[in-house]
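Q: Take a look at the letters that make up each chain.
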Amino acid sequence: MTLNNTIKLLLAGAAITLSASAAMAQTNLRVFVSSQHRPDVWRKAFDMYEAKNPNVKVTIETGGNTSEAQAQYLNTVMTAKDSSLDVMILDVIRPAQYAAAGWTVPFNDVLGDAGAAMKRYLPAYAEANTVDGKVVALPAFADAMFLYYRKDLLEKHGIQPPQTWDELAAAAKKVAAAEKDANLQGLSFQGKAIEGAVCTFLLPYWSMGKQLVSDGKLSFDKDAAVKSLKLWKDFVDQGVAKKNIAEVATDDTRKEFQAGNVLFAVNWSYAWGQFQGAESAVKDKVGVVKLPAVQGGQPASCLGGWEWGVSAYSNNKTEAQKLVQYLSSPETSEFMAINASLLPQFPDVYTDADVTKAVPWFANARPVVETAKARPVTPRYNEVSDIIRTTVNAVLAGQSTPEEGATQMEGRLRRVLR
Amino acid sequence: MATASETTLVTAHNESATKWWTRFLDPSERTLALLLLLPTALLLSLIIVYPVCRLVWTSFQNLSLTSGAPATFAGLENYALMLEDPVFWETTWNTVLITLITVPGALLVGMALALMANLPFKRKWPVRLSLLIPWALPLAFAGLIFAWFFHSEYGVVNDVLRRLGFEGVIWFNSAKWAFAAICLTIIWKTSSFMALIILAGLQTIPRSLYEAAEVDGAGRLRQFFEITLPLLKPSIVVALIFRTITALQTFDIPFTMTRGGPGTSTATLAMYIHQNTVDFLDLGYGSALAVVMFALSMGVTAVYLRMIRAKG
Chain Y
2 MTLNNTIKLL
12 LAGAAITLSA
22 SAAMAQTNLR
32 VFVSSQHRPD
42 VWRKAFDMYE
52 AKNPNVKVTI
62 ETGGNTSEAQ
72 AQYLNTVMTA
82 KDSSLDVMIL
92 DVIRPAQYAA
102 AGWTVPFNDV
112 LGDAGAAMKR
122 YLPAYAEANT
132 VDGKVVALPA
142 FADAMFLYYR
152 KDLLEKHGIQ
162 PPQTWDELAA
172 AAKKVAAAEK
182 DANLQGLSFQ
192 GKAIEGAVCT
202 FLLPYWSMGK
212 QLVSDGKLSF
222 DKDAAVKSLK
232 LWKDFVDQGV
242 AKKNIAEVAT
252 DDTRKEFQAG
262 NVLFAVNWSY
272 AWGQFQGAES
282 AVKDKVGVVK
292 LPAVQGGQPA
302 SCLGGWEWGV
312 SAYSNNKTEA
322 QKLVQYLSSP
332 ETSEFMAINA
342 SLLPQFPDVY
352 TDADVTKAVP
362 WFANARPVVE
372 TAKARPVTPR
382 YNEVSDIIRT
392 TVNAVLAGQS
402 TPEEGATQME
412 GRLRRVLR
Chain E
10 MATASETTLV
20 TAHNESATKW
30 WTRFLDPSER
40 TLALLLLLPT
50 ALLLSLIIVY
60 PVCRLVWTSF
70 QNLSLTSGAP
80 ATFAGLENYA
90 LMLEDPVFWE
100 TTWNTVLITL
110 ITVPGALLVG
120 MALALMANLP
130 FKRKWPVRLS
140 LLIPWALPLA
150 FAGLIFAWFF
160 HSEYGVVNDV
170 LRRLGFEGVI
180 WFNSAKWAFA
190 AICLTIIWKT
200 SSFMALIILA
210 GLQTIPRSLY
220 EAAEVDGAGR
230 LRQFFEITLP
240 LLKPSIVVAL
250 IFRTITALQT
260 FDIPFTMTRG
270 GPGTSTATLA
280 MYIHQNTVDF
290 LDLGYGSALA
300 VVMFALSMGV
310 TAVYLRMIRA
320 KG
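Chains as they are written, first to last, in the numbering used here: chain Y, 2 to 419; chain E, 10 to 321.
There may be inaccurate statements among the hints.
[Stated by the list, open to error] Calculated lysine-lysine pairs in the PhoX-like style (CA-CA distance at most 25 angstroms, straight line):
#1 Y:LYS231 to Y:LYS58
#2 Y:LYS256 to Y:LYS181
#3 Y:LYS231 to E:LYS131
#4 E:LYS185 to Y:LYS244
[What the hints assert, rightly or not] Incomplete in silico selection of chain Y near chain E, CB under 7 angstroms:
#5 GLN73
#6 ASN245
#7 ALA247
#8 GLN400
#9 THR402
[What the hints assert, rightly or not] Chain Y regions said to be covered by chain E (calculated; three or more residues, Cβ under 8 angstroms):
#10 74-83
#11 389-395
Honestly, the hints are just simulated from the structure, not real lab data.
Each residue gets a CB set at the ideal place from its N, CA and C atoms; glycine is no exception.
Make the full structure from the sequences, and use the hints.
A: So, in structure tokens, the structure goes:
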């Protein structure tokens with residue numbers, strides 16, 4: 002063969018190989034998963050997806066262990082228009098902001114009838130993920146705050162799960178006096194200046210029937226704010242909560258309860274899965290009820306839940322959207338409920354037989370999730386969150402009194418939320 | 010044979026006949042200097058001058074990424090807001106306080122460390138290594154390590170205090186203790202840097218001076234104040250310049266230790282800038298704050314440079 006023909010043959014061979022491999026090209030998707038929500042279990046869900054879609058490979062990225070730390074990381078990546086992330090998990094308070102900043106890809110095209118598709122979810126999540134008619138993210142799981150308690154200790158001392166915060170304080174003091182265990186905390190909640198501290202402040206505030214924002218305007222009730230801050234500070238002053246509660250974040254509460262050092266804990270649904278795990282010192286000793294109300298008020302819970310968004314700077318938008326639709330499906334929701342105790346975003350899954358077997362209290366959890374209140378929706382939410390969480394932290398650390406904290410909070414909120 | 014004047018005439022005629030660009034072929038020293046500096050100047054203007062100009066321009070705009078609205082010109086509005094912002098004044102004051110405490114603190118500790126390291130050791134490398142490690146450790150690591158040291162329940166500091174009979178302090182519950190913990194960490198971290206610079210200066214002081222002073226009957230303390238200190242002045246000034254400028258930009262250690270808490274009592278200006286840009290996504294206001302910090306750093310640098318020039 003002549004040199005000319007050899008070269009032509011080689012080039013043709015190369016072209017065929019390249020086009021063939023392009024047809025079988027692997028898509029690599031990089032997913033940011035919040036490290037406090039069982040990335041190990043999400044990994045199994047991704048493995049199942051990879052099995053059904055052999056040309057897709059999913060890698061998980063984690064970073065930061067609290068909501069606002071993760072948001073700061075994602076903010077940096079998105080502001081830099083970095084294409085390294087394809088899919089990211091977002092706290093329920095963020096999809097509206099991310100959509101406004103142009104960082105997410107809407108799902109309307111791939112959903113067909115967007116309205117009907119979103120109706121399958123719990124209404125709170127359909128609302129949180131739809132901005133100006135565009136579906137900007139799909140729900141990953143639902144969440145709300147609950148009161149976890151040591152079933153064994155309450156039964157031992159003949160106490161019913163408390164319905165008001167006063168009952169809780171009395172119960173904690175009774176058990177502490179009887180058990181005489183220096184390591185046993187009466188109540189653990191979040192006092193560190195994390196996103197969860199916003200819920201810490203709002204729980205009693207909402208229980209008194211007050212709103213923080215109505216019709217987009219600030220409707221701050223200073224009395225209720227003082228009472229709310231005072232409620233938590235009193236727990237510390239009376240020894241029901243530990244003195245350095247201002248250092249405690251969500252997962253710290255979970256870890257301490259799991260080690261058997263806490264009687265009552267305020268936490269999200271994910272903690273249950275950990276408490277029933279092999280390494281837990283409180284397996285089968287845990288009860289869950291809805292959070293207590295203030296005296297004369299209504300029980301209130303904080304709406305949580307996380308959403309899957311596709312990055313506007315991703316190089317694999319279509320594949321990413323397909324992955325998110327799989328992740329936000331009833332099948333995956335059931336899988337995560339059974340294996341990670343993440344609350345389902347579909348109403349029917351709560352009463353599914355397998356779910357009830359694995360997580361018996363989920364059937365009772367649905368009304369709590371449906372009546373949980375959402376934190377204020379505003380483009381400047383990050384500032385609102387910072388104001389509330391630093392005030393809660395300062396009051397619990399003893400740095401400000403509840404009155405001073407409420408005054409400061411009002412002044413700063415007025416400047417942000419005119 | 011050509012006379013000198015004829016030769017000059019011929020040379021002059023030849024020069025005016027040559028092209029303008031030939032002067033670059035055999036450039037004068039000045040042109041050569043300009044040419045060699047040009048690539049660096051271009052690089053610097055790209056990575057320093059352009060971003061700074063962009064920063065100043067953004068500080069005059071209303072630009073918040075979460076509002077969904079495009080940037081609008083706002084003049085000095087961000088600066089006016091800044092002057093009324095109590096958190097701005099608090100964080101600036103915190104930054105100044107940290108600078109005033111940790112710069113002299115690190116200097117004193119660094120001086121002591123350098124003097125000790127300068128003693129005649131049989132093996133020099135363990136001493137040099139222990140001096141080097143705090144400086145080599147990334148700031149965030151140091152912050153996290155000391156955050157655990159000062160943890161009220163699981164921390165080493167409280168453990169030692171309790172063993173000595175004192176009650177443990179909840180360090181991060183109170184502004185002044187949290188501040189103290191942060192300053193301690195910063196001094197630990199930066200004194201090794203100061204020590205290294207001062208050690209280099211110490212080694213240039215000839216032994217003969219000390220020997221002569223001893224012969225003259227001067228004690229160790231007198232030797233220190235009359236020989237060591239004056240000859241160390243250049244090193245000290247260099248160390249102070251570096252330390253002060255980085256002290257004004259303190260971010261990593263308070264951020265990892267307390268996130269600015271309790272409340273905003275340990276937040277620094279750099280942390281407030283970070284919060285406004287990365288957390289609140291309010292780029293206009295964050296840029297205005299950054300411009301103020303930039304001006305502050307430049308001011309301090311100018312003062313120090315003047316001090317050096319005054320010394321001759």
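Q: Can you list which hints this structure breaks, lowest number first?
A: 1, 3 and 9
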